[in-house]
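Asker: Put chain A on the given structure of chain E with help from the hints.
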Amino acid sequence: MMSLIIGLGVILILGIVYLIIRISALTSLAKGKNPDKVGKSNSVNAALFIIFMVASLVGFFWYSVKHFASYTLPVASIHGKETDKLFWITMGITVLAFVIISIVMFVFLYQYRYNPERKAKFYPDNHYLELAWTIIPAIVLALLIFTGLRTWNDITSPASKDAEIIEMIGQQFAWTVRYPGKDAELGTVNFKLIDANNEFGLDLSDKNSFDDFKALELHLPKGKEILLKIRAKDVLHSVYLPHFRVKMDAVPGMPTQFKFVATLTTQEMREKLNNPNFNYEMACAEICGKGHFSMRLPVVVDDEETYEKWKASQEAWLKQNPDYLEKVPANLREAAKVIAGIATEGPAVAVKESEQIAAGTN
Amino acid sequence: MATTDTHIHHDVHHDDHHEHEHHEGNFWTKYVFCQDHKIIAKQFLITGIFWALIGGILSVIFRLQLGFPDMDLTWLKPVLGDWIVVDAATNVGKLDPEFYLALVTMHGTIMVFFVLTAGLSGTFSNFLIPLQVGARDMASGFMNMLSYWFFFMSSVVMLTSFFLETGPAGGGWTVYPPLSALPQAIKGSGTGMTLWLVAMALFIVSSLLGGINYITTVINLRTKGMSFTRMPLTIWAFFFTAIIGLLSFPVLFAAALLLIFDRSFGTSFYLSDIYIGGEALPHVGGSPILFQHLFWFLGHPEVYIVLLPALGISSEIIATNSRKPIFGYKAMIGSMLFIAILSFIVWAHHMFVTGMNPFLGSIFMLLTLIIAVPSAVKIFNYVTTLWKGNLRFTPGMLFSIGLVSFFLTGGITGIFLGNSAIDIQLHDTYFVVAHFHLVMGSASFFGMLAGVYHWFPKMFGRMMNDKLGYIHFWITFVGVYMVFFPMHYIGIAGFPRRYYTWTNFETFSGFTDLNMMVSVAAILTLAAQFIFLFNFFYSIFRGRLAPANPWNSTTLEWTTPRNPGHGNWVGEIPSVYRWPYDYSKPGAKEDFIPQTIPFSETPESNLPHENELIRLESDDKEGGIIIGGNKPQH
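Heads up: the sequence lines are chains E and A, in that order. Numbers given in this note's numbering equal positions in the first sequence, counted from 1, plus 44. Numbers given in this note's numbering equal positions in the second sequence, counted from 1, plus 42.
Chain A on its own, in the form it takes in the complex:
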């Protein structure tokens, strides 16, 4: 089968190549309705950056409330309008408590879905899959374009909900019914919630269109010699991510659809025995727990949809900048596969105290804690990759190291929360907030930033400024720890999350100092992102021109021209002869050997079993294919 594919490749190459030279299309087809995966990746990236900014600003607004509860927020009135309630007597402006919930909800939704799913996976899966497996473009450029434009529509709908009189959805990013189903329960469950559901439905369509494409491209469009075991870990990560997304997003779609029915058509999937606003509702027989099961069946894999691409990116960057092969390539793939499988059977650890059968609780606790094993393996492998390396701290490398540090710090607190007995106390406290912001939020965010710094030269043909990158890293790295580390203490002290203020409780009356520090750190961290934004946009136009292979990397994307056109390679797609991590190989002339160099050209550094592959390489030129690195197949 693989042979057939290769032949198809050859035919396509000539056509593409032809078109490439004579026809670039007009502005609309080149930059807007574009089918080139690289442009689509940039569209995802820019939209993701836009959303990250919105999400970050929302968090700073509610951090003002939490850190400085007595602050006069009247100055926000020009932006937030009636959401700032000005007390007539004292003339002090306060955030509306319902809008506070809307802020929290939208911050979560935006960051998890729009930034870390679309912005991260959408950008780098699109950009890197064809470039690193050696394909002209995605399997279906058109579907890929649709994927972006569905995301764009989803973004527009979500953004619109900010301008409603009743405000955007406010029932938490998990939108648990009945709160999210009953407009009389909270303002945000009016039109804001309808738009949230429509936006999510569009988002899911976008994800599925993208995911199908990623999977198909990885399976079918690998270049000659690019067997699965020669794929960079980035591609493995994107591949698993796409599969997880394809299997879990439809479940969220079903959950959202049933919620739409409950909200608009009087069904009772999630509603039962409700007395609200002075009347008993006719709904009987539904179960709010059903929604939670459906939601977390996506919601938990979603954590890995967000995290795996970041782990893939950091694996690649850490290996390149350590000038060493990633330690335990196969173990890394194995642990990602194991994590991907386990991610589907741990969802109910979010529900230990929801009234779910306690026996289920014990099963899910067992499965959840198992997931710590492959995660630990990944951390140990990263650390061993650094050992005896020759480390170059490029901004991409710094952010990747930051990711490993967050993954460790946030990961170990998962061992507390996965334990149902301990979770009774910690559930829905700031301990959880600290945990997932570090392990999923910040780690993935750092993966995204690492990816931008590392592949910027390939995206825009220019380099970003290193010094600004260092400043950006150090402020952000320290800032993120200052924001989320103190939350562990606040959580151990039992402070519940999604609280507008804790002043009603004697038990939660402390930590005003710590909360203030967290808020200040959050503002500084957000401010530091403007250094990045400046660096990013400035470098697109005025950055130093990038050399062909700025990081001396081995993978295929660096064999393309500085600014690759649609089709990526001028002339034939290069063939691949080796795995992507031949860094500092003993005997080699340089400290890296690109994947495109055949073993026959490097007799001085070949390992014994690689010398045997030389014979197959000559077969290869006649159209053969190497699968699994050692068995020829014709």
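Chain E extracted, bound-state conformation:
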């Protein structure tokens, strides 16, 4: 029914359009007009360009100012402030150029609309003019390039040694987070070891993996350099932390990384925005399949003390999956139990033994 109505509507409109052109053609013929002469519609079009220019520029500035808060995201990282600054500098320069060129062009369109009394100016070139508008954009762009390069180099420079390492793993359609545990070193992984429980593909012959733990939320310390180690299990994903101006693809077979410093805890941001429900979030920014739009991961920024407390309260992955102790080489098994925090019969002795073993393998 709906399609029938639409179809009839289209036919009706086409019929009306057809009649309009036939009538306009016949009347102009009857009036003896030469259709090749430039008519009144020329000035109408010229005037419409001016109206369009004024309306769209007013609309542009009005919306940009009035809704500023709704389209700008608060920033909560050190480098994010830098890139935002670059963004707004570039915005200033380009909007200025855009407005000037637009106004000049649309005014020309109106001012030089067809006039049978006038002849166009034969003006094929002017080298000075062309040189000027080659060199000026080149200089402006050079400035933008150099400031951009400096920021880019800072952002991508190697992370400091004591940076907080956190691993982000993308898969269809969820993120998992792995923290290195007390030893601050992530255990080796191998995609061939992944199974239903061992979703990291943890290689348990590496003693660094014993205290690694999994989190369902991304917890970040405020004011400390964070190094995200990023990988993907199946297809491309992209770690996207909009408030921290962080984006980096997760590539299967090629680990990537991104370092940044968070500047505002979740609580501070809530106060700043006067929004008690505010939460940081992480999204996926690279098309990855059916559930691409649903790869949300909650993000919490704590001050360092709370963060450390939270970390200490987390159970090692091995403790949650004690069956995997079998995969640990026999000589490391006791140490693994201790490091993972699994209770053993003689704790005191075991600790000593395990420490010796650990020292030995170092």
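By construction, these hints were calculated from the structure, which means they are not laboratory data. All C-beta atoms, glycine included, are put in the ideal place defined by N, C-alpha and C.
Listed next, the in silico BS3-like pairs over lysine-lysine satisfying Cα-Cα at most 30 Å (straight line):
id : chain 1 : residue 1 : chain 2 : residue 2
1  : E       : K303      : E       : K355
2  : A       : K84       : E       : K81
3  : E       : K81       : A       : K509
4  : E       : K84       : A       : K509
5  : A       : K372      : E       : K163
Derived coverage of chain A by chain E (criterion: at least 3 residues anywhere in the stretch with Cβ under 8 Å from a Cβ of chain E; other residues may be distant):
id : region
6  : 391 to 397
7  : 426 to 436
8  : 452 to 459
9  : 546 to 558
Estimated spans, in silico, between C-beta atoms of each pair:
id : chain 1 : residue 1 : chain 2 : residue 2 : range
10 : E       : I55       : A       : L402      : 52 to 58 Å
11 : A       : I383      : E       : T116      : 34 to 40 Å
12 : A       : S642      : E       : L187      : 48 to 54 Å
13 : E       : L101      : A       : G123      : 41 to 47 Å
14 : A       : V74       : E       : T71       : 39 to 45 Å
15 : E       : L52       : A       : G123      : 20 to 26 Å
16 : E       : L101      : A       : K119      : 40 to 46 Å
17 : A       : I88       : E       : A186      : 45 to 51 Å
18 : A       : L288      : E       : L52       : 47 to 53 Å
19 : A       : G320      : E       : P202      : 36 to 42 Å
20 : E       : V109      : A       : V74       : 54 to 60 Å
21 : A       : A131      : E       : L52       : 31 to 37 Å
22 : E       : L52       : A       : T545      : 32 to 38 Å
23 : E       : K129      : A       : F303      : 42 to 48 Å
Answerer: Relative to chain E, chain A alone:
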């Protein structure tokens, strides 16, 4: 060498001419398997229009989802079938999220390749190159015919993929592996992706056959006196476009071939360390980044393959309708050449945050921002061409002005995205969508429409209706801005692209009003295209008969008969004596002097150095050739 060519011309002329008078061929050889460049151009145009309609409708379907997420789409079920999932409890029909991705993917593929490459470059390169350089036809009419029919086959294969149970390709138009390589990752990577790759391979063959022809024709088949510096800017643009295509499309072919190997023959060019569907795949050692490098090595030049012909067309139309020479003819050629060269060394700016070495990122940022300089020069030259002109707003002129406006608006946002530090946040957000839809999509689309309005009289011997053209322009021009301008705000707010819905995120919960407006504007803009379609098809049969030179233009195509036959000119091909932009020359009787008028006939308007050329013109009649406009060569 040029002299030899001319002699060959003469011989060919007589044969063609002869054939032309007595033998027009039957329906099949005249309209279907035709070797006449003009018919082939129309075939490309009609097929392109068909695809534009499909691509536009796809975009409206996914805009319904984005603008009206709660809308009941059950009424689309008769067309989309199982892709509309009807909830049993509420009886509300929703678009399948995987089909949403397929829609986005096919919209991109169709618009970039089938409409703006084949439909734009295929139409106007074919139509205008022989007519504007003064040739009877393309260098190889047969190859030209093959070029269309490969495109046609490619179209058939691509269209077929819509009717598969698993649907067409759905991994984005950039088809990044592993998503596009693994059928278990997304439905669209099944047979749909295979057909996508086959269609693209056929498409590349079509492009290469066409491109070789365009280049050869421009270099070898120019008429007497048509030196390179007397070629209209359209021809320069098509020439550069063909060269870019010839150098970059084979790389996409290689990328597609390796992807086919990975998909079907178990190789690991792009795949490594993958655990999917409960098993670890045996692929080791490949790199998904390799595909991205190969893809964008074509993908970025492709932007200019799409854009340069549109810029060429608008240069020609703006000069003609300003009644002024295009300002800085040589600077325009220079900037196109510079853009063409740079287009090959900026591809990795699509990959700043893919994990590519950051040092490469800085190099590509530098090169990318340089490309803004020649682009800026082009905009300034357009504006200066308008200055003190006598502007006639024909529909072709309106669309060309629209192109310049989009090129400006969309171009400046490129300065943000080309800056790798700023791109971290903007990458894969709606800011990018706004940017490329304006600078590449809409600008090129307007170039195509401008070309159709402007050369319609030459294509079909009739005029299109002006008034309908104005209405079409204003709705489309305002509509396109209403669709893409708000996307800048949505992008600055961080909304990621290719999202079925943003409701899962608090951060992206706003802008439902803006998204709704965008969708409404998109529907209106698509609706306005039916005005064009009506005008187009109606005018083919019932339009007012076109005068010989309706726009008082200087170029060669307007010296042909109203409906030129195969061979274009009855009798000898006219010679060319001057550049194509002698509009409103001081002292001249009229406000334009066609390229075929020798300087000896216009002593009243000649510039001093042109008077010296008069002597050479008489030599010319004995078979001489002028190269570069001032040095005779025998």
